[in-house]
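A.B. asks: Based on the hints, put chains B, C and D with the ligands in the right spot on chain A.
Going down the list, the protein sequences come from chains A, B, C and D.
Throughout, my numbering is defined as the position within the first sequence, counted from one, plus 41.
Once you know that position 48 of the second sequence is 29 in my numbering, the rest is easy, because the numbers rise by one and skip nothing.
Throughout, my numbering is defined as the position within the third sequence, counted from one, plus 15.
Throughout, my numbering is defined as the position within the fourth sequence, counted from one, plus 1.
FYI, nobody ran anything at the bench for these hints, they're computed from the structure.
Keep in mind that a hint or two might mislead.
Unchecked claim - Where chain B lies over chain D, by a calculated footprint (3+ residues, C-beta under 8 Å):
1) 27 to 40
2) 83 to 97
3) 159 to 165
4) 172 to 181
Glycine included, each C-beta is placed from N, C-alpha and C at the ideal position.
Here is what each chain is made of, one letter per residue.
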Amino acid sequence: MKTLFTPEPAKIRKAVPQTEFETLFEMELSERSTLGHKPGQFVEVSVFGVGEAPISVSSAPAPSMPTFELCVRKVGNVTNALLSMKKGDHVGIRGPFGNGFDVNLFKGKDIIFVAGGIGLVPLRSFIREVLNHREDYNRVFILYGCKRPKDILFEDELMSWGSLEGIDLQTTVDIAGDDWKGNVGVITTLMPRLSLDPPKTEAVIVGPPVMYRFVISELKKRLVSEKNIWVSLERKMKCGVGKCGHCQMNGVYVCSDGPVFNYAALKEIPEAI
Amino acid sequence: MKQYVVEKPGIRKSVEEELKRKKVCAPVKQENSANFSAIHSFEEIVWGPPQTVIPPKKYFLPTSENILSFRKRDGGFEVEALNAAEEIVLFGVHPCDLNAIYLTDRIFAEKNQDENYLAKREKAVLIGVDCLTPCSPEAVCLRMDGLNPGDRFDLFLTDIGDVYFVEAASRKGEEFLRGEGRPASEIDHRKLSSVRKQRDELFDQEEKKLLPDYNDLPGLMKRNYVHAVWEEHGEKCYGCGSCNMVCPTCYCFDVEDYMRVDLENGFRKRFWDGCMLEDFAKVASGENFREERFDRLRHRTNRKLNYLFDKWGQSFCTGCGRCIKACLTHIVSPLEIANEIFQRQSV
Amino acid sequence: MARDMQVNVHHIARVEGHGNIVIDVQAGELKKVELDIVESPRFFEAMLGGRRYPEAPQITSRICGICSVGHATASLRALEDALGIEPSMQTLLLRKAILEAETLQSHVLHYYFLVVPDFFKVPSVIPLASSHPDVVKRALRMKRLADDIIAMIGGRHPHPISMAIGGFTHMPGEGEVRAAISDLKEVLAKDVPPTIELFASLSFPAFERKTDYVSLTHPEEYALYEGAIHSSETGETRHRDYKSKVKEEVVLHSTAKHAKGPFKPYMVGALARFNNNSDKLMPGAEAAAKRLGLFAQNYNPYLITLAQVVESVHNIERMIYLFEEILDSGLKEEDKGQIVAGWSGKVAEVKKCWGVGAVEVPRGTLFHEYRIEGELISGANCVIPTAQNLANIEEDMKELVPKVLDKPKEEITLLLEMLVRAYDPCISCAVHMLKVDFI
Amino acid sequence: MADRPKVGFFSFTGCEGCQLVVLSMADRLLELLGAVEVVNFREASSYKCDDYDIAIVEGAISRVREITELIEIRKRAGTLIALGACAHVGGINCMRNFANQFEIKKEVYGDKASNFDSFLAQPLDAIVKVDHYARGCPPSRDGEEFLEIVVALMQGKRPYIPNYPVCVHCKMKGNVCVFHKERPIACLGPVTRAGCMAACPSFGNACIGCRGLAGKPNLNAHQQTMEEAGLTPEETMKFYRMLNGMMEVGK
Ligand SMILES: Cc1cc2nc3c(=O)[nH]c(=O)nc-3n(C[C@H](O)[C@H](O)[C@H](O)COP(=O)(O)OP(=O)(O)OC[C@H]3O[C@@H](n4cnc5c(N)ncnc54)[C@H](O)[C@@H]3O)c2cc1C
Ligand code: SF4
Ligand code: SF4
Ligand code: SF4
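Chain A with its partners taken away, still in its complex shape:
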């Protein structure tokens, strides 16, 4: 018997530490040929005996592969347990869940990706999808901010993105030591440098709750329309499928109505940002 709450078996194929607190996992489903996710969707990961946690899929959609990637930060029970696991260990997977990004809306447009800290994880899926189908999209800006240089995720990958034609990568940190040559300051300080074509621009923001307000107001100053701004939100989730009630903000369920929201709609949800 299977229910809504039955996780499927999966195995850790690779575990690559990114920072002190984050590890990138490659997972392999044992009973399915592909996860079949969209960028921005998440899965519920089970560590049996410890619990379940919603984690964004970090790899690009891969219609013919049973593997996908998750990048996990340790903050509590499940995430701590995950980070202590290694290649060959077993987990449970439910999903993918959530709406994800509708890539068709972004085709032919300029895209600004704004990521704060671990927010890069869900965005990486989308960015990789865009890079895989580069010809479908126009200019790409990637703004990424972290607390300190040692918190930077996917460092090599970021560098390789930055070296690609038509991709403008900007990074910044809040606090830096002497060996840091890049920008210092909050992420909004990167925005004035961008040469935007507002009507043709879609902005995608994922980060900690405080970041949204500042980035959105900056974008609005740069005349990016509210309906061209997209965010992905994080809430407490216990089921991932719109039943348990925890992720509800006003009338909206983050797990099933989101986690991706258009800002014009989100504005009407007082509890959202």
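C.D. replies: Leaving out everything else, chains B, C and D with the ligands in the frame of chain A:
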């Protein structure tokens, strides 16, 4: 819907027949109150007041339910989904609870179907009983459109004197009757109308009226999302979640894993949770999206009168009055909150 | 051979509470024998002062985890004595049953967990779990059943919830009581016989010292819940006059007060009860006593353990009897009007009054005495069995040590520890209240 | 954590009911003994050892020598669990903190009072850091919660202990609230931390607060509720102090 008239001993016979086959649950006396419980004889059934302390939702969404069991095996885990459901007859369900069950059915059947709820629900026969007198001083069902169950039952009994007027909305309901009774006549219908009219008058005489227009409740809540009432009431709130626990339309749950001492066998359990509790919306980083008690009271009230009303076209407070009684600080009544907001916005 | 010896056994293990034995022998002469209580003093009597009287059973049940039901019962009896309340027959039967259950769990804990390891020459019951799993499982089963019965009636063990002035705030269901009867019958048939055989096979040190045996006594039953105070030396006294039998004195080496009779130390507990009341034992218990070779009057304190085995058989038989009695008269909800639990609104205003509750708890006779003024307790005195036994244990040691002085020190230590343990001292009861130091 | 962690049980001022609860766990006790190595358990063993990973301490601290012993235990133990209300909030012992200490001793020991050392009763964490609390007087749910804490420790997980009030579970059990009984009883449930499955109200009596305060308890609201039930603020305070003398919000 078919309508019958059944002699009182006929209903007794049907219950006794069911008792031989199935678990029959009904309100039974519990001290100076009542509660749903498995019965062993027809006499145990409490008809009418008092209201049960907790609603019958516990039969479909148990207070605590194992949804998964797992055990270590070959380096991995053997996982088994658990979904215990048994055939039961729920007898003596009041209209407010019938409405509430209908509403939670919608929630659990929507999009991702929750088999653990639905399996239990499908195996249940709902037999409602009309409330001819208010079942508690707190009941506001007439105001919250909870007193008329429509066809949201398998069978519904109204005492119209020496016989029951019986409405059967499903095959399950018909089967319960086992051919007892006869089709209702014109006279029976007239009797029913007059009994219901009397009933409504009795309920109407209660001092509690809903001042705003029922259909404008979502609008009223939206317009007054920011209102002093929330803080004033919130200040007195314990954050004790009693109002959530006793509400027939509160269905939120939490999920936890439990491991046995051997660290090899365990299970995943879901259990009732409530949006009035402090940690309900707190995420792992420590951020709490509804930190203050008033945020949470506003959320609860809005769920009943606005968000879910908006989505499903009906108040999710069915006026059972349980939370009003349970709340030791007398702040939670959705009707009173709506009235207070209505009055204070109009001056 | 004249010898010097100092023995100092700190924190005798496997007794509940903290005590030390101190023995000082110089040139073959016994200079000093002391049983020290190093348990922290708890000041219950003082704490009771100024509290609302319905709280007393809940507060005093925290005197001791092992006899919390006994304390609650003594407390209720003292309060009801003071207030002139007579609870229903059903309440009496249930209180008697829960007291039997508590005695059973305590005795099983004592003879299986605390005494048996001495005979198997292991430090605790833990290694027995793997070496003698059947014994340990049997012990756990018997203990668990007693605990479950306490929980069925009182809500949990320790610290009962539903025991209130005038009656119970919660009634067990008829089905629960029936299930308890059948579980008791099963234990009686399966676990009791091997228990008796096990203890019949053990040989206890041969040591006798006649003393005064004090317990409650009742014309119709083996008294636990009610009865007059009986002394084998001086006869019977009414419970309210307990002070004429029991005098407490503060002894400097002990945080527990010692209690003595007006003339000399006395013994309370299973052996005292057995000596005074053995003719009232249930048939199975009587047969067990025969099998164990225990006959009244017995003067060997090491055999307190056997008296406990006998009593535990009695406990089981009695519970079956009491439960059947309850079912026969039909379980009824108690009259809520008479029950005073916790802070139930305003309690009846009472003028000055006082009362005494005397009940048998596993370790002996327990006395609670309260003075009440208005809603408050204005004075309290609790006399705990272990406190009453301490002086008697010292007397036993004084007589025992010279007789065994030629033995190796380890053996003496063990004999003394076993003696103290036989009394099953519950030192946490040190309302005002052990250690072996051979100095 | 080691495969079979070494566990030591210790006790200070209390009724020893907590260790008794552990001894009463029957089958689960045997399971536990399979999973951990008990190296110290005075109530059940004469064997003692000073090498342990987990120290489980019951009882409050009420004498000078107990402080040094506790500090020593804390030094040796990787994890310290406070078992029961006395260790967690001081328990019943703290009732005496609100009276004149000398008077109290005098009342019990008469003119020999000055010979007995004892000071204000305190919970363990007034003296050392406590990692986990197995709350309750006695430890809740027949020691089940205590067991969950030990299992969580072995799993390296933070145990699940609700911080909401007792009312939540009381309602789940379908109890008639004791404030609503025919003869109402005043209850500490609305401000006391859940986890006992509302043991007392389920047996017809009031919650007496043995698990300490809930997270962010609304004490003002409670005073109001208690007044409606006929208690003065002083009486309410006295009620809290029965088991919660060392009340600390959110602990
Ligand atoms: C849609 C979505 C996508 C996500 N994607 C990712 C991702 O890609 N990568 C990633 O790393 N994370 C992601 N997260 C966050 C991740 O789900 C959480 O970090 C994770 O659920 C935490 O679970 P846990 O068991 O480790 O923590 P838990 O131990 O369960 O902690 C969670 C809850 O316990 C409580 N709690 C935690 N610590 C304490 C404490 N010390 N005291 C009291 N209470 C406490 C809090 O109430 C908190 O809500 C995502 C979340 C969402 C909703
Ligand atoms: S909100 Fe209150 S009155 Fe309305 S249905 Fe829920 S419990 Fe009943
Ligand atoms: S509104 Fe009342 S019942 Fe609900 S959480 Fe607050 S105090 Fe408790
Ligand atoms: S009895 Fe106590 S714990 Fe239970 S709901 Fe009432 S106030 Fe809360």
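A.B. asks: All the hints need checking, so say for each whether the structure fits it.
C.D. replies: Going through the hints against the structure:
Beta-carbon proximity to chain B at under 8 Å applies to 5 residues in the stretch 27 to 40 of chain D; the threshold of 3 is reached and the given coverage holds. Chain B is given as covering the stretch 83 to 97 of chain D, and this is violated because 0 residues of the stretch bring a CB closer than 8 Å to a CB of that chain, at least three being needed. Taking a C-beta to C-beta cut-off of 8 Å, the stretch 159 to 165 of chain D contributes 3 residues in contact with chain B, enough for the three needed, and the coverage statement holds. Using a Cβ-Cβ cut-off of 8 Å, 9 residues of the stretch 172 to 181 of chain D lie near chain B, which meets the minimum of three, so the contact claim holds.
Consistency with the previously given hints fails for number 2 only.
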